[in-house]
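Enquirer: As they're listed, the protein sequences go chains A and B.
Residue numbers for the first sequence follow my numbering, so the first one is 4 and each next one is one higher.
Residue numbers for the second sequence follow my numbering, so the first one is 1025 and each next one is one higher.
Read the hints as simulated data drawn from the structure, not as lab findings.
We put the beta carbon where it would ideally sit given N, CA and C, even for glycine.
Some clues are possibly wrong.
The calculated DSSO-like cross-link candidates involving lysine-lysine, where the alpha carbons are at most 30 Å apart (straight line), are [what the hints assert, rightly or not]:
| id | chain 1 | residue 1 | chain 2 | residue 2 |
| --- | --- | --- | --- | --- |
| 1 | A | Lys89 | B | Lys1123 |
| 2 | A | Lys76 | B | Lys1123 |
| 3 | A | Lys114 | B | Lys1263 |
Sample of chain B residues with no beta-carbon within 12 Å of chain A, all distances over it, derived [unchecked claim]:
| id | residue |
| --- | --- |
| 4 | Arg1044 |
| 5 | Ile1138 |
| 6 | Ala1166 |
| 7 | Leu1177 |
| 8 | Val1255 |
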Amino acid sequence: MKILVVDDSATMRRILVNSLQRIGYSECVEASDGRDAVEKFDGSIQFVITDWNMPNMSGLDLARALRAHADGKSVPILMVSTRSVKEDIIAAIQAGVNNYIVKPFTPQVLKEKIDAVISGAAAAA
Amino acid sequence: MTMNHKQHSELLYDSEATLRLVDSAIQDMGELGGDETPRSLEQRLMSALTPDPALGSVGLSDALARGYADIVGVLDSLRQSRHLLERASVDRIHHTHDKLREVSDATETAATDILNGLDRANTMVDDLDAYANTHGEPDDRASSVRNTLRDELFALMGHMQFQDITSQQLNYASAVLTEMETRLTNIARVFDPAAFSSAPSVILLSPVDSNHPVTFDPNASTQNRAERQAVADAIVATKSGT
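Input sequences plus hints: build the corresponding full structure.
Expert: Take a look at the structure:
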């Protein structure tokens, strides 16, 4: 599964990619913000993991942009963010995010949420 | 240049003393006008400035000259206040802002170095695995030790998330300082009406570097991760109907 990892922090991208490899997802594409992610997004991307707070284009705007994209209407989106205010999480879901992880995360939670999103997408298909 | 406590006290004392003198002068002007009823400052000033044929021009001009001299004194004190406020507060904010950036940069560099070190350590564990596959395990515990070591290295990498969170906290602190600086500069300008239309004498902090725009979550925290995740899970379950 090809995963697009979007975070403005190089440290976080590295941790996410490493964690993904550890749980069996070795094919990752990295983007440093929402705008970069939109440019790199194509039909080959099967899963998107994005931060919220990023320059140029936020994760929330990225989710909206992907949902408006011909290839992104049903791509699973997992948001990984420090934001944990109820209203923010609701806004993320309304923007098209499928599941939400609060930073700092554990690899176990990352795996659980990816599995949940994939199984949810499979059930909806 | 910074303003110490003694300078603060002296400035405050001078300002108060000058304001008292002005008030006294204004009251004198009011008395010259012969009106005993309490009036507003504006009324008293207008009264003092209105020629009174009964008093003649000499008494009024003396009072006005004294009032003018006192007001000039107050304005000088206020200008000094503005200058000291700018220097003491804004310089200190600049310094703190720079320190926060320094800490943020140092943390990021350290995090990168640590991650590089962890990568190298992982490669070494892989080398040990390859060696064991080629030459056989040196003893019964070797494989288990390598796996435990790999788990530990992976866990350490996960802990490096603190860098992203503290970086956001530092960016938030910098943004607060920038806002404080702007407000203090505005207050300093109010102290000196002559400076209203002039540019600030200090260089304002730039919260956003156009090459490196900064975003942050003001509530970013490393605390109560499990509880906050539980809140997110409950909302996701409700909203997505799972």
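Enquirer: For each hint, tell me whether it holds in the structure or not.
Expert: These are the hints, each one checked on the structure:
1. Proximity of A:Lys89 to B:Lys1123 is assessed by CA-CA distance (about 33 Å); at most 30 Å being required, the pair is judged violated.
2. Restraint check: the Cα-Cα separation between A:Lys76 and B:Lys1123 comes to about 45 Å, which exceeds 30 Å; the hinted pair is violated.
3. Taking the CA atoms of A:Lys114 and B:Lys1263, the gap is near 21 Å; set against the 30 Å cutoff, the hint holds.
4. Chain A leaves B:Arg1044 outside its interface by the beta-carbon criterion, the shortest separation being 51 Å against a cut-off of 12 Å.
5. Consistency note on B:Ile1138: stated as away from chain A, yet its beta-carbon is not over 12 Å from all of that chain's, at 9 Å minimum.
6. In this structure B:Ala1166 is separated from chain A by more than 12 Å, as the shortest Cβ-Cβ distance comes to about 21 Å.
7. Against the 12 Å criterion, B:Leu1177 falls within the reach of chain A, whose nearest CB is about 10 Å from its own CB.
8. Look at B:Val1255: its CB is around 6 Å from the nearest CB on chain A, not clear of 12 Å, so calling it non-interface is violated.
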